[in-house]
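Novice: Using the hints, build the complex out of the two chains.
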Amino acid sequence: MTLYFTKDHEWVSVDGTSGTVGITDYAQGQLGDVVFVEVPAAGTTVTKGTAAAVVESVKAASDVYSPVSGAVTGANAALEAEPALVNTDPEGRGWFFTLTLSAPDELDGLMDEAAYKTFVASL
Amino acid sequence: MGNGRWPSCPTPDPSPEGEGSKKEETMTYTGNRGLMLEEPLLFEKGAPDRCGVDLPDVPAVASRLGGLDRHRPIGLPGMSEPDVVRHFTRLSRQNYAIDMGIFPLGSCTMKHNPRLNEKMARLPGFADIHPLQPEATVQGALALIDQLAHWLTTLTNMPAVAMSPKAGAHGELCGMLAIRAAHDARGDARKVVLVPESAHGTNPATAAFCGYAVENIPADARGRVDLAAMRARLGPDVAAVMITNPNTCGLFEPDMIAICDAVHAAGAFVYCDGANFNAIVGRVRPGDLGIDAMHINLHKTFSTPHGGGGPGSGPVVFSAALAPFAPLPFVRKVGERFELVEEAQALASNDHDLSFGRMVAFHGQMGMFVRALSYMLSHGADGLRQVAEDAVLNANYVLRSLEDVFTAPFAASGPCMHEALFSDDFLEGTGLTTLDLAKALIDEGFHPMTMYFPLVVHGAMLVEPTETESKASLDQLIGALRSVATRMLAEPAEAFKTSPHLAPRRRLDETAAARRPVLTWREPEELAAAE
Numbered sequence: 005m006t007l008y009f010t011k012d013h014e015w016v017s018v019d020g021t022s023g024t025v026g027i028t029d030y031a032q033g034q035l036g037d038v039v040f041v042e043v044p045a046a047g048t049t050v051t052k053g054t055a056a057a058v059v060e061s062v063k064a065a066s067d068v069y070s071p072v073s074g075a076v077t078g079a080n081a082a083l084e085a086e087p088a089l090v091n092t093d094p095e096g097r098g099w100f101f102t103l104t105l106s107a108p109d110e111l112d113g114l115m116d117e118a119a120y121k122t123f124v125a126s127l
Numbered sequence: 392m393g394n395g396r397w398p399s400c401p402t403p404d405p406s407p408e409g410e411g412s413k414k415e416e417t418m419t420y421t422g423n424r425g426l427m428l429e430e431p432l433l434f435e436k437g438a439p440d441r442c443g444v445d446l447p448d449v450p451a452v453a454s455r456l457g458g459l460d461r462h463r464p465i466g467l468p469g470m471s472e473p474d475v476v477r478h479f480t481r482l483s484r485q486n487y488a489i490d491m492g493i494f495p496l497g498s499c500t501m502k503h504n505p506r507l508n509e510k511m512a513r514l515p516g517f518a519d520i521h522p523l524q525p526e527a528t529v530q531g532a533l534a535l536i537d538q539l540a541h542w543l544t545t546l547t548n549m550p551a552v553a554m555s556p557k558a559g560a561h562g563e564l565c566g567m568l569a570i571r572a573a574h575d576a577r578g579d580a581r582k583v584v585l586v587p588e589s590a591h592g593t594n595p596a597t598a599a600f601c602g603y604a605v606e607n608i609p610a611d612a613r614g615r616v617d618l619a620a621m622r623a624r625l626g627p628d629v630a631a632v633m634i635t636n637p638n639t640c641g642l643f644e645p646d647m648i649a650i651c652d653a654v655h656a657a658g659a660f661v662y663c664d665g666a667n668f669n670a671i672v673g674r675v676r677p678g679d680l681g682i683d684a685m686h687i688n689l690h691k692t693f694s695t696p697h698g699g700g701g702p703g704s705g706p707v708v709f710s711a712a713l714a715p716f717a718p719l720p721f722v723r724k725v726g727e728r729f730e731l732v733e734e735a736q737a738l739a740s741n742d743h744d745l746s747f748g749r750m751v752a753f754h755g756q757m758g759m760f761v762r763a764l765s766y767m768l769s770h771g772a773d774g775l776r777q778v779a780e781d782a783v784l785n786a787n788y789v790l791r792s793l794e795d796v797f798t799a800p801f802a803a804s805g806p807c808m809h810e811a812l813f814s815d816d817f818l819e820g821t822g823l824t825t826l827d828l829a830k831a832l833i834d835e836g837f838h839p840m841t842m843y844f845p846l847v848v849h850g851a852m853l854v855e856p857t858e859t860e861s862k863a864s865l866d867q868l869i870g871a872l873r874s875v876a877t878r879m880l881a882e883p884a885e886a887f888k889t890s891p892h893l894a895p896r897r898r899l900d901e902t903a904a905a906r907r908p909v910l911t912w913r914e915p916e917e918l919a920a921a922e
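Protein chains in written order, with our numbering: chain Z, 5 to 127; chain V, 392 to 922.
What the hints contain is simulated information worked out from the structure, not anything from laboratory work. Certain hints may be false.
[Unchecked claim] Ranges of calculated distance between the beta carbons of each label pair, as one might list FRET restraints: (1) V:916 / Z:11: 50 to 58 Å; (2) Z:51 / V:507: 34 to 42 Å; (3) Z:126 / V:618: 21 to 29 Å; (4) V:550 / Z:49: 38 to 46 Å; (5) Z:12 / V:439: 19 to 27 Å.
[Said to hold, decoys possible] Derived, one-sided and incomplete: chain Z residues facing chain V with beta-carbon distance under 7 Å: (6) 39; (7) 52; (8) 58; (9) 64; (10) 67.
Treat the numbers as computed from the prediction; the structure is a model and nothing was measured. Cβ coordinates follow ideal geometry from the N, Cα and C atoms, glycine included.
Pulled out of the complex, with its shape left as it was, chain V reads as follows (with noise of 0.2 Å):
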């Protein structure tokens, strides 16, 4: 590893058939590797007497700080503007984005993100505003999230759409809230929130972070809610049933309305995890299904950039039953003219004073609320349920080209939706793993799928190719993945255990960052001091 900061490059063997085991250690002056360059951070590479800008010389001012004056210097690298330039585009090209190829993570941002939404984003009317503006010069933006909620509560069947949460853990926090809003209206104070294994991992935290007491519910055999089991647990202390369906193994539920019909008998809530709905859009209501909230990830279904590119934003649609104790603000037509309701007093009627109160400062992602429309508008109706048939199609087209190599554990119960759910048992005996695997898939030029989740599958592997994915683009997965299967249960395991070879960075200690993470830069004497 030379003098530990810049990583040694090995030679790939040319020939698949070679001896792939034997690789040369080579090292470069410089450490780049042909045109893929080596990047110091910018406080190993700046130094003091660099600077981008021409400063004058401060003028001598009697200080008013009180002895608080700073005499060390701040430690800033400098830098030249060119330095400056250079680094970032020398970072942003090690990086692996939706931009430069499939991104089968399948979260947050995943598929891709249209242009004309940019376009549209970038309007002076929608850009240039200001959330403490005069109601009278932003009627164009509150018009257009009052039709965003249209479309949410229409492609939902829920009555009501709270708009302000701003990503999907948050839209679960603000269903819970009106959940617990709701029980508390009635006097009931309910103590447990029911969660299926096959939940999203942010479910049970919601619960936990409301003061409710979680309870897991079993998967049955087929991946799905063990109904039976859920009926069992059902009684006067459950507040409500947080379920993902689709679920996290990519199923769907089947019996959500024999589910819905027990929760509502036993007094209780639903609350449906709505991240999985861009695998549903345009087919299935979950209103028609009896869900009393649902968040709905714009990020996700909706193709709003996040995950690095962008902020998320989970708006929340309710259920007559839960729709008066939604939070507020919320955007309301009145004749001609769209106003915001801020403070529940200010309702003629009184059927929001109920509300749990508020979430946020103002009313949401606006900058979202745009992308999210215009993909709505751009697709049609017609074209957002393709986006569910695509991206169901395109995960079993998946899952159908690699259940003979790869173990698909509810690959026999049906067709799956928007996820390809695999273990690794078909590894078992090589001493190689989901992480060997995912590491040789990064030599492929790929990003790894979800690993080690959903925890129901040993050694988890789930692929979500979305519907942005062409079959080409799915064939290039398909044949990789199919490729490092096929060798690590052909050749000898120690290759790929250091996998991966030809990526910026080899195989990283995962156990030893997260047992002792080193947060933030210090001088490598203060380092060597601290330790």
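The following block holds chain Z by itself, in its conformation from the complex (with noise of 0.2 Å):
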């Protein structure tokens, strides 16, 4: 299991070709009160940098991208009832969908868990 980031503060966690997408803690923080969460369908293909997700806070409604290209295998829907679980574990139980990677290396443009930090910090 392996960790990636985009600069736009998604992640994505990597077992061989299957993939978890969320967004990162920063990113909650910056949206605050998470009030709806729009994930895509199992079945639904995704293209890297393209918009996959809608994430509803009580300051703006925002597209979440796919940070890898694929198909989309599963979105949690637990989501749908409790969107508080992006801002209480954005990288844990608020994931927002599954997927198979179509081009595993489109991972080698993201950015590491220390790299990301740095990235971070720099904002």
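Specialist: Put into structure tokens, the structure is as follows:
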């Protein structure tokens, strides 16, 4: 299981060609209290860098971009009843969706945890 | 919070130097605070045995409803006439409106609605007519629409205008449908619309609604469209660029002509969100910049009431390239008579058979047309120019009066247009945010400014003072903003996290309101049973 991060503050945890996607703790802190999450349905094809989910907070509604391309295999149904999970456990129970990576070499362009921490510190 | 309905009433500390955070909680018997009166909902207030009218008993008639008769009470509150009058009068006193004070929100009704407009709109010849009346009996109304259209095309230097769109976003839809029709007419199925970060939030929504894929163009360090990034993205798949000018950072896009040239060279069209036309009316004609379609919010630039006070109206002006695709109906002068052209086929010359169709049942917001034309005629061309100049002058006065306390991210790039934009960077380390400042401003007796938009600025605060306000009025707002900001930096944060303290309600739980909205009133026992 390896964690990767994007400059748009999404994370993807990868195990072989299976990935789990969510937004980072920094992202949830910037958004404030999350009130609604729209996740893609299983079977949807997502493309790296394009909008795959929507997260709405008391401040704003924002697109969540998929860090990698692939086919969505599952979505976190718990977010519908409890969007606060994105605030309380963004990199755990607040995950958005799982997918099967179609182009695993896209991971080369993402940051590891140390690089992402440095990136956030520079903001 | 007592029984949960009446709020507790804090006593403000009389001395600003005193222990501001130690607020004594007191409560009156009624829940009223002096003459600021509490008011329950009609459903809580009403009683079944009370009534405002004396109705005769229902005569016994045989039901013909086939068993569908209702037997349960319909649950309307019983009220006497004074109950009803007092209820709505009390609520109106708790409202904040442009007629009470400055409204720095910068959208919809944010400036004065002149009373002359209202007088004109109530003239029986405009107020008491019906859209289905014979054309011969509404010549004056059609002449007014034609004259307003003439002002709009003249002020924008655009050859055509669609008067029917009902508000800004409806106008965007109108413009984008015309653009799509123009591409369709030449068999060019383009799929992408480019929207700069500095555009209004409705722009990408409109493009998506029209079936386009939306791509963002970043803003540069000056808060303007990144021209190089835009040029790099333009190509044969791009149908249009939707750009807001002046943009949502309150800044003029100086590269507009270059942008339009580049977009046209790529075979695409330029849609301009003209919501902020009030900053440039009489000074800049969008047609001269190369814009193909732009909506004009009559309820913003031309002072018609909106935002709780009346319907919007968003006529769309078109370039010669898009004019044939404009919607129906429109008013045309034939000899000395005016007619409403309802069908493209009815035209002798077939220059409108490419029209994308009809957006609304009739011709648009007649009452708003009367008000907008009254505003134009009472100001005159020179007056409209001064409207833009004063709006820009006032915004710059706010910007320069506060940039030493607030963070003004784009102030170094020169004057702003009609809006002064600040970020919450100056609050870093205090634990306080834009929201806290906005709530504290309520205690000062002002409606807060736009918050957290545009997104390109952290904790954005966007102040649109408009040309309506005098220097004295602006000085009051500036003084309040400066005082709140200075206190937030100097005093313990706790008091600000719970502001407002003096409003009819304390800090509301916005998160709970969004997560668990209660949208209809229900009997308390019914509500308890549901939970």
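Novice: Give a verdict on every hint.
Specialist: Hint by hint, here is what the structure shows:
no.: 1; hint: V:916 / Z:11: 50 to 58 Å; in the structure: holds, 53 Å
no.: 2; hint: Z:51 / V:507: 34 to 42 Å; in the structure: violated, 56 Å
no.: 3; hint: Z:126 / V:618: 21 to 29 Å; in the structure: holds, 26 Å
no.: 4; hint: V:550 / Z:49: 38 to 46 Å; in the structure: holds, 44 Å
no.: 5; hint: Z:12 / V:439: 19 to 27 Å; in the structure: violated, 57 Å
no.: 6; hint: 39; in the structure: holds, 4 Å
no.: 7; hint: 52; in the structure: violated, 14 Å
no.: 8; hint: 58; in the structure: violated, 12 Å
no.: 9; hint: 64; in the structure: holds, 6 Å
no.: 10; hint: 67; in the structure: violated, 9 Å
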